[in-house]
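Visitor: Below, each chain spelled out in residue letters.
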Amino acid sequence: MLYRIRHTSKYQYSQPVAVCHNLVRLAPRADERQRVVSYRLIVSPEPSDQASREDLFGNRVEYFSIHDAHRGLSLTSMCEVEVAAPPAEPADDPTPWEQVRDRLRRDSAALLDEYRFVFSSTHIPIDQRLRDYAAPAFTPGRPLGEALDALTAQIYKDFEYKSGATTIATTVHESLESRVGVCQDFAHLGIACLRSLGLAARYASGYLRTYPAPGKERLVGADESHAWLSVWSPTAGWLDADPTNNCRPGIDHVTIAIGRDYADICPVQGVVVGGGTPTLSVSVDVAPAERGRG
Amino acid sequence: MQSQTPSAGGSSPTQGAAPAAVFGQYAIAPGAYDELIAPGGAVRPVWAPVREYLDRLGKAEFARRWAQSQRLIYENGVSFSAYGDPENRPRPWALDPAPMLLHEAEWEGVSTGLRQRARLLELLLQDLCGPQNLVRSGVLPADLVLGHPGYRLPLHWERRAGRTLPTMLTYYAADLGRAPTGQWWVLADRTEAPSGAGFALENRLVTSRMLPEPFRDRRVRRLAPFFLRLQQTLRELAPSGRSNPTVAILSQGAAHPNYFEDAYLARYLGYQLVEGGDLTVRNRQLWMKTLEGLAPIDVVVRRPNAELCDPLELGGESPAGVAGLLETQRNGAVAIANACGSGLVESPAFMAFMPRLCQALLGEPLKLPGVATWWCGEEKSLDFVLANAERLIFKKAYRRRGEESLLLTRLNQKPRAELEQLIRSDPNAYVAQERVLRSTAPAWRDGRVVPVRVALRAFAVASGGDYEVMQGALARTNSGGEPLEASILSGEGSKDVWIVGESPVEKVTLLPSEQEPAELVRIGGELPSRVAEHSYWLGRYMERADAYARLARIVVTRLTSERDASEYPELPALVRGLAEQGQIEAGHALESMRDLLPRVEGALASEVLDHTQPGSLSATVDRMFASAAQVRDRLSRDTWRILLRISDKFRKQRTAEADLTDLLNLTDELVVDLAAIGGMVIESMTRTQFYRFLDIGRRLERGIQAAELIQTCLVESGPPCPELLEALVDSADSLMTYRARYRARLTLAPVLDLLVTDESNPRSLAYQLNTLERHVGKLPRSGEGEPNASNEQRLALSLAHAVRMVDVSDLAESYELGRVEPLKRLLAEVIRDLPALSNAIGLKYLAHAAPPRQLAPT
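So the protein lines, in turn, are chains A and B. The first sequence begins at 1 in my numbering and counts up one residue at a time. The second sequence begins at 295 in my numbering and counts up one residue at a time.
The shape of chain A in the complex, shown without the other chains (with noise of 0.2 Å):
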């Protein structure tokens, strides 16, 4: 499937801005699934000096500053991503989710990639709340796979989507108890039961296509971006989950960046030298480039 997405953030500041730098991630993931056909980022104003590079987790990076005192700053990139379906998990496979991590735990210096993303992080707890929280999906012996899609249907069941209700700030534990939350918070939760029960989890942003009620044109613009979350398997590799969605990820989501949490990939990150009250508003178009549903 191939899309043409625009993503589009807008600040602007009651004072002048003297000086920002910004940190951006917003160029898709070239990976086993996807395909960056182009990407182009336009930042105005100017900037006075642009880098990239690529992260640990093999995200590019770009950064840019700006030195002439500004009142807005307006980034948009383009691209044009072609994105396949996971591989087919294996039938039925029927390993259960304790032996996978024992697996983790015994091979940890073999699979240290993977094993990185057992641990606590910035947005992630580890503890036994969690645990207890996913312990029905997680009963025993059951395979990882099976136990992944009870947790992913338990999230989507128990919380109440609300545009919002939370914020960066809101820990996995306040939204565990006020049970409202928005993407984020959802695949922080996930993330954080699985690493409770020690299975390697990482988070993903990206954009999910989103189609046109029934009758109606599609709406340009009016799209977000998402987050969700993957668990590690030994024989599927990664198996992605979107608990906002209640679904497994498959061509209708397109990946920018993976990282431990939210803290790791962040979009858009910059400090600012002045600027007063910063209003942002953001705006993001995917639209499918061929007819047709895949």
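Derived from the structure by calculation, the hints contain no laboratory data. Any given hint could be a false lead.
In the EDC-like style, the derived pairs of lysine to aspartate or glutamate whose C-alpha atoms are separated by at most 20 Å in a straight line are [said to hold, decoys possible]:
#1 A:Lys162 with A:Glu174
#2 B:Lys583 with A:Asp68
#3 B:Lys583 with A:Asp49
#4 B:Lys1138 with B:Asp1127
#5 B:Lys801 with B:Asp1127
#6 B:Lys1138 with A:Glu46
#7 B:Lys946 with B:Glu977
#8 B:Lys674 with A:Asp102
#9 B:Lys1118 with B:Asp1104
#10 B:Lys674 with A:Glu146
#11 A:Lys157 with A:Glu146
#12 B:Lys690 with B:Glu673
#13 B:Lys946 with B:Asp904
#14 A:Lys10 with A:Glu46
#15 B:Lys690 with B:Glu658
According to the in silico footprint, chain A covers these stretches of chain B (three or more CB under 8 Å from chain A) [as the list claims (entries may be wrong)]:
#16 421-434
#17 619-625
Nothing here was measured: the structure is a model prediction, and the numbers come from that model. Built from N, CA and C at the ideal position, the CB exists for glycine as well.
Using the hints, position chain B against chain A.
Guide: Below, chain B without anything else, positioned relative to chain A:
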């Protein structure tokens, strides 16, 4: 019998008696190794000549020399330690005058071990921040590395081919302790930004001066080669081998406890001392913000912890950091010593793996053993340490520089069961270490020499693929047996360590050693905007304090004379002047003469000296001192000494009930002290931009103060009596000039000439304004040949012009005919435009960039 014991002070009146021996009653503690006395009671050979010397010297002489040395320490302390510290906290690691002696043969063994350890830690860091092969091959447990709270993604060196990591560990320190067997053990590694070398240097300057004879005779190895090597290494680190790189010490500022050392080393090594706010990243390079624009920085000696150093990538809004710093490090545009991330390996957890790592990375055993350490994250170790908990001490496995001493004590005081539960709940987070009964060394305590426990902090600096170890160290002392964990903040004692040798001492100097002829430099290097700002305010507060003191003195003189105060017709106007300056309550100025005097007499001293009142003389002196403290690395030692004396006097006066006589003395001395500083500024300070901003501050303030006082006395108080004119002229220190010129009673026209228009009088308004105009003309300009004069140029010009155009005879004549307007207008213009000039200069040159803030994340 009793008469034979030496008296406590050793100052026996009996002439000719042998002096009381310094080491008279040194009694060693059982169990531990003593540095001075060998088992059996003999003095160790390395100490023998020094001990003999000191015993010959005698207690009294030793104490006298120590008292002298403390004066030097005190001055250094006030020069470099936390500024305006009202508590006068003692210096951390207070010096003990008795040095600790080690033979160079022994130290060579220790040094070999330390060099190996530093190489090992560098290789370990290269791997941890890079490929992590040590984990992949099973040498280090994955949990140890991946669970490290200091292991941050931005510190990881990306995998791109062809990129090599920078040197991670330029500068290393280790804490060493000597076990009862005589063996030295490494107790802890310090790799983030080790402190202490500056203290070792200061200790050396003090003890070598205090005990010059044994220092020379014992051929004590010098510290200078170490610092020379440090300079050389930092020079070599500069990107693309720039031949004359700019090195800056990134400090956390005058309020931080490490400031003493930062400032001391910056001056000794000749480096810029900067704070986060002085730096900016542009074009992926590091720059210092100066008055002349941006000046490149090639090498940064990093003092804050890595996580504070880059708010862009490592978060936080710490003013210690510079947004984009990590990007410059990646870009190779700046060398950071130590590189961000170097602190990872100072966590005690790694000590458990050092023997194994040494085999894996260097293929040889550790030459200097580390204290036995068990990381509880390994099951076998956990069982062992819980079974042997009594003889071990527990620590957090991961260290955050500057926080652990308290934790440690609390941890080890927990009941056994609670401790076990705590550790079992998160074993990865703890280590256990063997207790080392450290050796004892002689220390001077309350006029006696007694044994105290010591640990050494030794220093190493990278040197062409290897490391060079300082031929000396900082001995750290405490009298209890508890672990010497506490770092620089806890205020333990320290000693100088003398490495004594057989061969003559090589002479080295920190002057440039290479054969390059020194380039002649006529300017003072670039001036950071922040420094210019403090310099400007120092100038303003100096003049404000001077004006306040002079007026207060004039009033006090009249109040304390034998004449009745009501016989002074000028007093109400002068008191009003004090009130307008803000030195005394405004209410005093409104009262009638009869009520006024007794009240002013009672309240004057306490109000003027009340430092909590922002307008008081005492508060002004405080601010002057605080501004000076911010730029003390640019003030001469003597200037600083006077500033300190002033500050001390005012601080002492506060607590007591001050009366008018005290105030008279204080203001008298202040006026003289400020004149001394002014003289030093004129005679000794080169005419750099630093001087310029100081003098702009002084001229501006003097102009404002003079104009306001004239306004109070001549415009607001009605026609002046001759006595008031005299007081006014006196306040401007111009009475002598007046008398020399006119030899008559004071009249208005000559007074106005002297105070307003006489360009040859350094106290006149005209003089201030002319000087300001000249200074403003010499401020750095951004563009060549700007078409229009800048705002500050126009203001300065118009002010100078206004005063130059005044015809003093006309002004005085119309005033005496009752038309105050012309004088009033002139003064009003000066009083309005001088602050406007100050704002214009501030906006253009001093505007301190606001601190960086995090942008709301998307």
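Visitor: Indicate, hint by hint, whether the structure satisfies it.
Guide: Outcome of the hint check:
With a CA separation close to 14 Å, the supplied pair lysine 162 of chain A and glutamate 174 of chain A stays within the 20 Å bound. At most 20 Å may separate the alpha-carbon atoms for a hinted pair to count; lysine 583 of chain B and aspartate 68 of chain A meet this at roughly 15 Å. Distance hint between lysine 583 of chain B and aspartate 49 of chain A is fulfilled; the C-alpha atoms sit about 18 Å from each other, no more than 20 Å. Pair hint lysine 1138 of chain B plus aspartate 1127 of chain B holds up; C-alpha atoms about 16 Å apart against a cutoff of 20 Å.
Restraint check: the Cα-Cα separation between lysine 801 of chain B and aspartate 1127 of chain B comes to about 59 Å, which exceeds 20 Å; the hinted pair is violated. At roughly 25 Å between alpha-carbon atoms, lysine 1138 of chain B and glutamate 46 of chain A are farther apart than 20 Å, so this suggested pair is violated. For the hint pairing lysine 946 of chain B with glutamate 977 of chain B, the CA-to-CA distance comes to about 30 Å; that exceeds 20 Å, so the pair is violated. Distance hint between lysine 674 of chain B and aspartate 102 of chain A is fulfilled; the C-alpha atoms sit about 18 Å from each other, no more than 20 Å.
Restraint check for lysine 1118 of chain B and aspartate 1104 of chain B: satisfied, since their Cα atoms lie roughly 14 Å apart, inside the 20 Å limit. With a CA separation close to 36 Å, the supplied pair lysine 674 of chain B and glutamate 146 of chain A exceeds the 20 Å bound. About 16 Å separates the Cα atoms of lysine 157 of chain A and glutamate 146 of chain A, which keeps this hinted pair within 20 Å; it holds. For the proposed pair lysine 690 of chain B and glutamate 673 of chain B, the alpha carbon gap of about 17 Å is at most 20 Å, so the pair holds.
Simply put, lysine 946 of chain B and aspartate 904 of chain B have alpha-carbon atoms about 12 Å apart, close enough for the 20 Å limit, and the pair holds. Among the hinted pairs, lysine 10 of chain A with glutamate 46 of chain A is consistent with the structure: their alpha-carbon atoms are about 14 Å apart, no more than 20 Å. With a CA separation close to 29 Å, the supplied pair lysine 690 of chain B and glutamate 658 of chain B exceeds the 20 Å bound. Residues of the region 421-434 of chain B with a Cβ under 8 Å from some Cβ of chain A number 5, which satisfies the need for three, so the listed coverage holds.
Only residues whose C-beta sits within less than 8 Å of a C-beta in chain A count toward coverage, and the region 619-625 of chain B has 3 of them, enough to reach three; the restraint holds.
Checked against the numbered hints above, the structure violates hints 5, 6, 7, 10, 15; every other hint is satisfied.
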